[in-house]
Amino acid sequence: MKIDISDSKSQMGAKAAAFTANHIRETIRKNGTANIIVATGASQFETLAALIQEKDIAWDKVTAFHLDEYVGTPITHPASFRQYLWKRFVSQLELPLKAFHYVNGDAADPKAECKRLGEVIARHPIDIALVGIGENAHLAFNDP
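Just so we're on the same page, my numbering is the position in the sequence shown counted from 1, plus 4.
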């Protein structure tokens, strides 16, 4: 699949979603399950919207991970990435996910939260990650 930088954001998002959906389907076919990472941000709007429209994905065989969160941010905060992903992705799927592992931004011990997630990811090696590229060329919330 070719994604051209001259494509509109919606075209790029649709192509990324189609590629991702095919990869998820193929991974489930081969392994019985799939493990994905989803991110937030403006570069993900079209991709997530198109991905939830894809048909024939056995979401109940998909374990998903949330990429990042602001430290000290409760899920009820308007800037919460957990809230964003619940509203724009998880709650919109036609089947519930096998599991969705959020980053607990308001965990009492952020280092322990990172360790917890690292241990869960080690048990569920990632098959595909949807990460954004920002206007200043940051990748997945990591500024250059």
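Among these hints, one or two may not hold up.
To be verified - Pairwise CB distance ranges (calculated):
(1) Ala116 x Gln15: 16 to 24 Å
(2) Ser12 x Ile132: 16 to 24 Å
(3) Leu99 x Pro129: 35 to 43 Å
(4) Val75 x Asn140: 33 to 41 Å
(5) Ala133 x Glu98: 37 to 45 Å
(6) Gln96 x Gly36: 18 to 26 Å
(7) Ala22 x Lys115: 17 to 25 Å
(8) Trp90 x Ser14: 18 to 26 Å
(9) His81 x Ala46: 16 to 24 Å
(10) Asp60 x Ile130: 30 to 38 Å
(11) Arg33 x Ile79: 17 to 25 Å
(12) Lys59 x Lys102: 15 to 23 Å
(13) Val75 x Ala133: 35 to 43 Å
Unchecked claim - List of simulated lysine-lysine pairs, PhoX-like, C-alpha gap at most 25 Å:
(14) Lys115 x Lys65
(15) Lys119 x Lys102
(16) Lys19 x Lys91
(17) Lys102 x Lys91
(18) Lys34 x Lys91
(19) Lys65 x Lys91
(20) Lys91 x Lys59
(21) Lys115 x Lys59
(22) Lys34 x Lys59
(23) Lys34 x Lys102
(24) Lys19 x Lys34
(25) Lys34 x Lys65
(26) Lys102 x Lys59
Hints were generated in silico from the structure; no laboratory data involved.
Bear in mind the structure is a predicted one, so any value in this text is a computation, not a measurement.
C-beta: ideal position from N, C-alpha, C; glycine also.
Now for the hints, and whether the structure bears them out:
1. Ala116 x Gln15: 16 to 24 Å: Roughly 42 Å apart at Cβ, these two residues miss the hinted range, so it is violated.
2. Ser12 x Ile132: 16 to 24 Å: holds, 23 Å
3. Leu99 x Pro129: 35 to 43 Å: With a Cβ separation near 22 Å, Leu99 and Pro129 fall outside 35 to 43 Å, so the hint is violated.
4. Val75 x Asn140: 33 to 41 Å: 21 Å Cβ-Cβ, so the 33 to 41 Å window is violated.
5. Ala133 x Glu98: 37 to 45 Å: The hint (37 to 45 Å, Cβ to Cβ) is violated, given that Ala133 and Glu98 are roughly 22 Å apart.
6. Gln96 x Gly36: 18 to 26 Å: Holds: the Cβ-Cβ distance is about 24 Å, inside 18 to 26 Å.
7. Ala22 x Lys115: 17 to 25 Å: Violated, since Ala22 and Lys115 (Cβ atoms, about 38 Å apart) do not stay within the stated range.
8. Trp90 x Ser14: 18 to 26 Å: holds, 23 Å
9. His81 x Ala46: 16 to 24 Å: holds, 18 Å
10. Asp60 x Ile130: 30 to 38 Å: Cβ of Asp60 to Cβ of Ile130: about 22 Å, so the range 30 to 38 Å is violated.
11. Arg33 x Ile79: 17 to 25 Å: Given about 34 Å between the Cβ atoms, the range is violated.
12. Lys59 x Lys102: 15 to 23 Å: About 18 Å separates the Cβ atoms of Lys59 and Lys102, which means 15 to 23 Å holds.
13. Val75 x Ala133: 35 to 43 Å: Roughly 21 Å apart at Cβ, these two residues miss the hinted range, so it is violated.
14. Lys115 x Lys65: violated, 29 Å
15. Lys119 x Lys102: With a Cα-Cα distance of about 22 Å, the restraint between Lys119 and Lys102 holds, given a limit of 25 Å.
16. Lys19 x Lys91: Roughly 22 Å separates the two Cα atoms, so the pair holds.
17. Lys102 x Lys91: holds, 18 Å
18. Lys34 x Lys91: The given pair, whose Cα atoms are some 30 Å apart, is violated under the 25 Å limit.
19. Lys65 x Lys91: OK: Lys65 and Lys91 at ~20 Å, within 25 Å.
20. Lys91 x Lys59: holds, 19 Å
21. Lys115 x Lys59: violated, 38 Å
22. Lys34 x Lys59: holds, 18 Å
23. Lys34 x Lys102: Given pair Lys34, Lys102 holds - Cα atoms ~17 Å apart, limit 25 Å.
24. Lys19 x Lys34: At roughly 23 Å apart (the allowed maximum being 25 Å), Lys34 and Lys19 satisfy the hint.
25. Lys34 x Lys65: With Cα atoms ~12 Å apart, Lys34 and Lys65 stay inside 25 Å; holds.
26. Lys102 x Lys59: holds, 17 Å
Violation of the numbered hints given earlier is confined to hints 1, 3, 4, 5, 7, 10, 11, 13, 14, 18 and 21; the remaining hints are satisfied by the structure.
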